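Q: Here is what each chain is made of, one letter per residue.
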Amino acid sequence: MDLLVQIKDSITVQEAVDFVQSPSCGGVAVFIGTVRNETRGKSVQKLYFECYTPMALSEMEKIARHIQQEMGIQRIAILHVSGEKLPGETVVVIAAAAPHRGAAFTACQYAIDTLKETVPIWKKEYFEDGEVWVAAHP
Amino acid sequence: MDLLVQIKDSITVQEAVDFVQSPSCGGVAVFIGTVRNETRGKSVQKLYFECYTPMALSEMEKIARHIQQEMGIQRIAILHVSGEKLPGETVVVIAAAAPHRGAAFTACQYAIDTLKETVPIWKKEYFEDGEVWVAAHP
Amino acid sequence: MKVLLFGIAKDIAGAPVIQVDTPVTQVAGLREYLYGRYPRLRELRSCMIAVNKVYAADGDALQPGDEIAVIPPVSGG
Amino acid sequence: MKVLLFGIAKDIAGAPVIQVDTPVTQVAGLREYLYGRYPRLRELRSCMIAVNKVYAADGDALQPGDEIAVIPPVSGG
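Protein chains in written order, with this note's numbering: chain H, 277 to 414; chain F, 277 to 414; chain C, 819 to 895; chain S, 819 to 895.
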């Protein structure tokens, strides 16, 4: 197994890096997404991530396989949290290892861009004066 | 201080990520370089990194400042090892945090590309049958 | 036929699973049924249907036993 | 005038620091001196001179007390 896709309560950068690193790959590119403390000028108290977990894992695996088959990547990890998260906490980690670092960067950016478009995970932002499902309305 | 440049015996991904992460930055891009167990088909026993440390730190800081001033990056860390390293060990970590993830990836790739061209650090590869300073000759 | 709902679609329906009693054989028919029952779904930026954990097109057929889900605009990452 | 050497340049000179006794007032003159004393430096892919921790051009002047270093092709990262 040279790909890892997981959804769980808590994720770390290290577990993603440990999975993809191997003595035969010189370069690893990583993307880490964290909860911001404000959005559009409003202070964020917390986030809540709801996941359609079996389909989300299936879509994450599609992204990972595409990257391995089309983008010169040997090992890739895509980790996402579910549940409540506070500002500063890590919500997504993507790590890609490749002999050529350019391919690793391209793959990592493709993975996060595609994840945000296709993976059935929903983020609710909690403000002092209410809550909203992100991006639901035009 | 919103930039960190260091040369030391041992570096971790986590210390670079911890430095750049902040509740106001949603995205962090990271590059991790490790010792490969072979190069041009020959098995590598170990590497040795020699640094002209004060100038190397100065060149690393130039890269970091350029990225902050020209590339929309708020916080950046560039860490490099010196001394002996075995296959699998981490030799360079670059982390860049930005409100926009595209900028973080671009900055990270610029940093590693430029580091490899301008920072006075030299790598010697040890093979079973000898040793060689990398890239010294045409 | 059972339909799973997530995110804002779950809030609009007031439940994570609903029962569809009218016979529907195509994704397009299910979509019309849902829009009729929950008009606020029309206000969303998008509203996809997944069948057996795969995004479905309006022309796709629905079989008894399919796992059907309403996918409002995703916002992970 | 003292000159620091690193990497393969240090190996070629056989020392991490050498003393230059001829008076040289420009980077170009130092380079010619070094090539004369260590011809194998000419075989390198490049051979830069740094003055006070900054890459110098051949036309740059050298002052007493400058920190001068020979920079063979770098290979960090």
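There may be inaccurate statements among the hints.
[As the list claims (entries may be wrong)] Residues on chain F that point at chain H, a partial pick, calculated with CB under 8 Å:
| id | residue |
| --- | --- |
| 1 | 282 |
| 2 | 287 |
| 3 | 304 |
| 4 | 308 |
| 5 | 324 |
| 6 | 341 |
| 7 | 347 |
| 8 | 361 |
| 9 | 376 |
| 10 | 386 |
| 11 | 388 |
| 12 | 411 |
| 13 | 413 |
| 14 | 414 |
[Claimed, not checked] Beta-carbon label-pair distances, calculated as ranges:
| id | chain 1 | residue 1 | chain 2 | residue 2 | range |
| --- | --- | --- | --- | --- | --- |
| 15 | S | 857 | H | 378 | 17 to 25 Å |
| 16 | H | 330 | F | 407 | 25 to 33 Å |
| 17 | H | 324 | C | 879 | 53 to 61 Å |
| 18 | C | 881 | F | 278 | 40 to 48 Å |
| 19 | S | 840 | H | 278 | 29 to 37 Å |
| 20 | H | 378 | S | 838 | 19 to 27 Å |
| 21 | S | 833 | F | 408 | 43 to 51 Å |
| 22 | F | 414 | H | 324 | 40 to 48 Å |
These are computed hints drawn from the structure, not numbers from a lab. The model shown is predicted, which means the values in this text are computed figures rather than measured ones. Ideal placement from N, C-alpha and C gives every residue a C-beta, glycine not left out.
Q: Residue 347 of chain F was flagged as interface toward chain H. Is the shortest Cβ-Cβ separation under 8 Å?
A: 14 Å, violated
Q: Within 29 to 37 Å or not, the Cβ separation of residue 840 of chain S and residue 278 of chain H?
A: 60 Å, violated
Q: So, as I understand it, the hint says residue 361 of chain F touches chain H; can you test that by seeing if any CB pair is closer than 8 Å?
A: 12 Å, violated
Q: Taking the least C-beta to C-beta distance, is residue 308 of chain F closer than 8 Å to chain H?
A: Where the cut-off is 8 Å and the nearest Cβ of chain H is about 4 Å from residue 308 of chain F, the hint holds.
Q: Please check whether residue 376 of chain F passes as an interface residue: C-beta within 8 Å of a C-beta belonging to chain H.
A: 12 Å, violated
Q: Do the numbers back the hint for residue 304 of chain F, that is, is its least Cβ distance to chain H under 8 Å?
A: 4 Å, holds
Q: Holds or violated: the hint that residue 386 of chain F contacts chain H, with Cβ atoms closer than 8 Å.
A: 10 Å, violated
Q: Return holds or violated for the Cβ distance of residue 324 of chain H and residue 879 of chain C against the range 53 to 61 Å.
A: At roughly 35 Å between Cβ atoms, residue 879 of chain C and residue 324 of chain H fall outside 53 to 61 Å, so the hint is violated.
Q: How about residue 413 of chain F: closest beta carbon in chain H under 8 Å, or not?
A: The hint is violated - residue 413 of chain F has no Cβ within 8 Å of chain H, the shortest such distance being about 21 Å.
Q: Tell me if the beta carbons of residue 330 of chain H and residue 407 of chain F are separated by a distance inside 25 to 33 Å.
A: 53 Å, violated
Q: Less than 8 Å between beta-carbons is the criterion; does residue 324 of chain F satisfy it with respect to chain H?
A: 16 Å, violated
Q: Using the nearest Cβ pair, does residue 341 of chain F come within less than 8 Å of chain H?
A: 22 Å, violated
Checked against the numbered hints listed earlier, the structure breaks hints 1, 2, 5, 6, 7, 8, 9, 10, 12, 13, 14, 15, 16, 17, 18, 19, 20, 21, 22; every other hint is satisfied.
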